[in-house]
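*Asks:* Keeping the supplied structure of chain W fixed, place chain D upon it in accordance with the hints.
So the protein sequences, as listed, match chains W and D.
The opening residue of the first sequence carries number 1 in our numbering; numbering runs sequentially from there.
The opening residue of the second sequence carries number 1 in our numbering; numbering runs sequentially from there.
Do not take every clue at face value.
Among chain W residues calculated to face chain D with C-beta under 8 Å, some are [what the hints assert, rightly or not]: (1) THR15; (2) PHE30; (3) ASN33; (4) GLU37; (5) GLY65; (6) LYS79; (7) ILE84; (8) LEU86; (9) LEU87.
Treat the hints as calculated values from the structure; they're not laboratory data.
All of these numbers come straight from a predicted model, not from anything done at the bench.
Using N, Cα and C, we set each Cβ at its ideal position, and we do this for glycine too.
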Amino acid sequence: MSKVKLKISSRLLKTKVRKQAYLNPKLCRFCGNKDLEDSLDYKNVGLLRSFLTERNKILPSRISGNCCSHQRILSKEIKIARSIALLPFCSIRA
Amino acid sequence: MNRYETLFLLHTEITDDDATSLERQFEKIITTAKGSVDSLDNWGKCKLAYPVNKSLYGIYLLIRYTLPENASKETFNAIDHFIRIKCNELVSRYVTIKIKHDAPATYARPEAVGSTRNGSTDQFFKDKKIETLLQTVDAPKQGKADASIPEMDIDEHVDSDLDDIHNEE
Chain W
1 MSKVKLKISS RLLKTKVRKQ AYLNPKLCRF CGNKDLEDSL DYKNVGLLRS
51 FLTERNKILP SRISGNCCSH QRILSKEIKI ARSIALLPFC SIRA
Chain D
1 MNRYETLFLL HTEITDDDAT SLERQFEKII TTAKGSVDSL DNWGKCKLAY
51 PVNKSLYGIY LLIRYTLPEN ASKETFNAID HFIRIKCNEL VSRYVTIKIK
101 HDAPATYARP EAVGSTRNGS TDQFFKDKKI ETLLQTVDAP KQGKADASIP
151 EMDIDEHVDS DLDDIHNEE
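So here's chain W without its partners, still in its complex pose:
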């Protein structure tokens, strides 16, 4: 009985498998979804709120998974909504 020899050590393989299990492929919500892309507007406060943190900062694209072009449009719309008091600049500290 001869053991099958791995190219990388078993410890490294385990960690690699574990990492891949956690990582979900992040996709841009707006790419390919025409209706959602059209609804991306400074008046649509409900949608824009889902891209803000607890402290009302804009979520980075590495967390929300947006593509580069849509993240740019989104941040612009949020800033317009903030200027006309539809969205807060920051949450007030208690």
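*Replies:* Relative to the frame of chain W, chain D by itself:
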């Protein structure tokens, strides 16, 4: 032809006459620039994300209009001049944005606060000219004057309580 929209943030103490005069004057500016007003939309009283001019509530008014492609800077300057100088006391914030040609007429917007409490049922029937319903509402009040008095008191208490709760929020 290019499409634009302007969103106004008005004070809550504004009267209906002020709002209509603002709309008419705005229409006049656009018609002089050979444009046309597509829609006027009053969102009603809304809660603001942060206090503006020391008030937590405001009235939003959205106006959509088209202007010819060769619209000069003077028309936009006239709009800015009108809002900043003539309507300084009414308008606290405003934003003007160019919209797409194929943009839909419907859009998502924040919900209004307490817009239903202002209107009374009698006024609604008078406006819609439903006289038969109006008579049925008026008739029992005239006939049973004694019975209607305690009911009115309860209604007033409830209204005052509701106002207190509303102010606290």
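*Asks:* For each hint, tell me whether it holds in the structure or not.
*Replies:* Verification of the hints:
no.	hint	verdict
1	THR15	violated, 45 Å
2	PHE30	violated, 15 Å
3	ASN33	violated, 15 Å
4	GLU37	violated, 11 Å
5	GLY65	violated, 22 Å
6	LYS79	violated, 11 Å
7	ILE84	holds, 5 Å
8	LEU86	holds, 6 Å
9	LEU87	holds, 5 Å
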